[in-house]
Amino acid sequence: MLEHKEIVGEVKVIVFRLKDEEYGVEVNQVKSIEKLEHITRVPRTPKFVKGVINLRGVVTPIIDLRNRFELEESVYSESTRIIIVAVGELEVGLIVDAANDVIDIAVDAIEPPPEVVGGVEAAYLRGVAKLDKRLLILLNLDKVLSTEEIKQLDAIEG
Amino acid sequence: MDMNQYLDMFIEESKEHLQAINANLLLLENDPGNITHVKEIFRSAHTLKGMSATMGFEDMASLTHEAENVLDLIRNQKLTINSDIMDVIFHSVDLIEGMVIDITEGGDGSADVSIPVKKLRSIVAGDFSAELEIAAAVAVEEEAPVVEQAVVGENELDDYALMVLKQSKELGNQLMWIKVTLNENCLLKAARAYMVFDQLESMGEVIKTKPTVEDIENERFETSFEIAYVTMQSEEKIRNTILNISETHDVKIDPIQLKEASAPAPVVAVPSESASEVKKAPEVQQATARKQAAGGKTIRVDIDRLDILMNLFSELVIDRGRLEQLAKEIGKSELHETVEHMSRISGDLQNIILTMRMVPVEQVFNRFPRMIRDLQKDLNKKVNLEIIGAETELDRTVIDEIGDPLNHLLRNSLDHGIESPADRKKAGKPEEGTIVLRAYHSGNHVFIEVKDDGAGINKERVLKKAIERGIVNPANADSMSDKQIHELLFAAGFSTAEVISDISGRGVGLDVVKSKIESLGGSVGVDSVRGQGTTFLIQLPLTLSIISAMLVQVQDEKYAVPLSSIIETAVFKKDQIMMAHRQKVIDFRGRVVPLVSLQDIFQVPVSDAAVDEDEVAVIIVRKGEKMAGLVVDSFIGQQEIVLKSLGKYLVNVFAISGATILGDGQVALIIDCNALIK
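Read top to bottom, the protein sequences are chains A and B.
Number 79 in full-length UniProt numbering belongs to position 79 of the first sequence; there are no gaps in the numbering.
Number 535 in full-length UniProt numbering belongs to position 535 of the second sequence; there are no gaps in the numbering.
Hints should not be assumed to be uniformly reliable.
Below, computed lysine-lysine pairings styled on BS3-like, alpha-carbon distance capped at 27 Å [claimed, not checked]: (1) K648/B / K143/A; (2) K558/B / K47/A; (3) K15/B / K49/B.
Calculated from the structure, these hints are not laboratory results.
Required output: the full structure, derived from the provided sequences and hints.
Have a look at this one:
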């Protein structure tokens, strides 16, 4: 589960909040953090796909992470952010409750994820990092952005 | 010094110079006395030499150096060009092209240049007969079938035979080079050969055989033998006669071309000789003149940078939209005027950026004259390629893709459309065929036409083959229109075998052409009149990235419907809507058209502001013959939109083909009408 090979020493992560927990994504996977703007709904896509936005001329799909992780929905607020992440050829925006921190985590501090953490399926997680009193959940973006579910949906519709 | 950083530039410029050399060589071939072409070629060759030497591509430098020496002599009128010298230069250019391709692919650009270098040197030394011997030796060594075919008859015949042929030709006889292949398991080869000769003698005169008659009589040949033959009969008749003899497998007949220039004597510095066989090509010259006029100064820009520029610009457009809105709200006239001015300027800017991606089709067309030149030599046909409208512009992305399909169509026209000079003469046509390659704009499309004045499509044969291949049900065959039969050429199963080429040949690989063009959002059709020729017409969108669309409103959401699929827009009263099988339909010009509610199909949330009106706005769209009416709330208007993909994450979204960014910065989805019509 842990990919020690590619992380040596410290990893820099962007910290964001979802419900009452803190999550992290590696900074090199993050392209930018945007404020919420108009999202164009794309019909007949899974519920967690909120639609697409115009990101400096590039049409970028947006996923609501709360929906993705099957957490309860909340109303978007002033602090709601879209974290634009890029994994391979995929470029996707993630809606999170707030994003406001960049920290370094020692690789040693990362532990494999427990089977269930805050309701989020373990497959989406890369590990958990303990920092003083904070508990940071590191996301496995490959899994989060897997297009499998969309394809499944496609198959049903088709 | 690290040369890598210059490599891209080197490759690009080399290609450009090679293109220029090729184009000018073709012009020179048609107009050998014109020194300006030589000067152009010399200049390009000189630059190439310098560049390749600087970059350390020694073989290329030495070859261009030798070519330059030859060109220098021609330029200073110390040497007169003839077709043999042309061939050597063409060959050298091909070699250099090969090197550049090698370099492009990461190779070191080395190649064996000794033979062309030797040839070029011998030209300079005036020792051309030696060169000819080398050429002959090379031809034998390489055993390139193409080369062999190109000189069919010539090398095989001695002076006496040539004289006989020449005289026979003057008497109106056909000169043929016949290659007869017997079945592999033929038992009495010599007897079969005898029967062939017997038949042939009855209709004409056998001038020469290969191998010799003696060898043939003693069965000292494999399965095939060749004959130089003079007759008053048609090629078709000869072919059938020979094929009627049992155990003959194949007959290949090529007309023997007698060229004055190919007289065995060396032809260095003999002027006018080759001039007699050249023809003027005013069309080509015109095209070049236009090119030079339109050329001007240019700068090369990476296409990615243009993409970035376009994206940045759409950002600007968004801000412009906001400013316009703000100015309206604030209502201050100075602000209003400034914003208006800015809008106008940015509109012009937008046009420029879009047109920056447009390149003349010339870029692609340029390579065809050379291809046709070589091919007509190989096929022993005479053809004049007319290029019209080379200045027509197309989006860069389309240009890059269109070359192969066009190449295919042109080859097809030359190979199977244009008849041999003998056949043409018999049909009362000029010996030289014409292929017209024409490009023009019309509306939002670019049309490219490949038209030949050849034999046309033989419908019966096409149909027969299609039935054999199971593409057409024999029961339907009689009811098929000409157009439908012609379309069969594009059917997938039609392309697979070479066997096709002995019928009409039109089928070879045309399905590939069709799918390629369709992948570019275009279409291709064919029209043919038997005996008069065939025309392929390609229709392409002006660009892949900008389309005209109708913007519509559905509740709070906006969608774009491509104009290409819209027949018209209409407003219907609610009581005009009828029900058929629980499906809402309308009567549109006498046709019952089903209605599709975008709100239902896209599950659009109902807006608070929605009011129930007693009229419905409908867009009538079509997919082939089928129609449907898309029900929307209102039409916003027609607009040019920039096509954007939804990205890799959202693939195959139902009935959505992409997205675009509107003036206010929001994304609007583009409706794929084809998916909505079942």
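Do the hints match the structure? See the list:
With a C-alpha separation of about 15 Å, the suggested pair K648/B and K143/A falls inside the 27 Å cut-off, and the hint holds. Under the criterion of a C-alpha separation no larger than 27 Å, the hint pairing K558/B with K47/A is consistent with the structure, at around 20 Å. In summary, the hint linking K15/B to K49/B is supported, as the alpha carbons are separated by about 13 Å, within the 27 Å threshold.
When each numbered hint is compared with the structure, no violation occurs for any of them.
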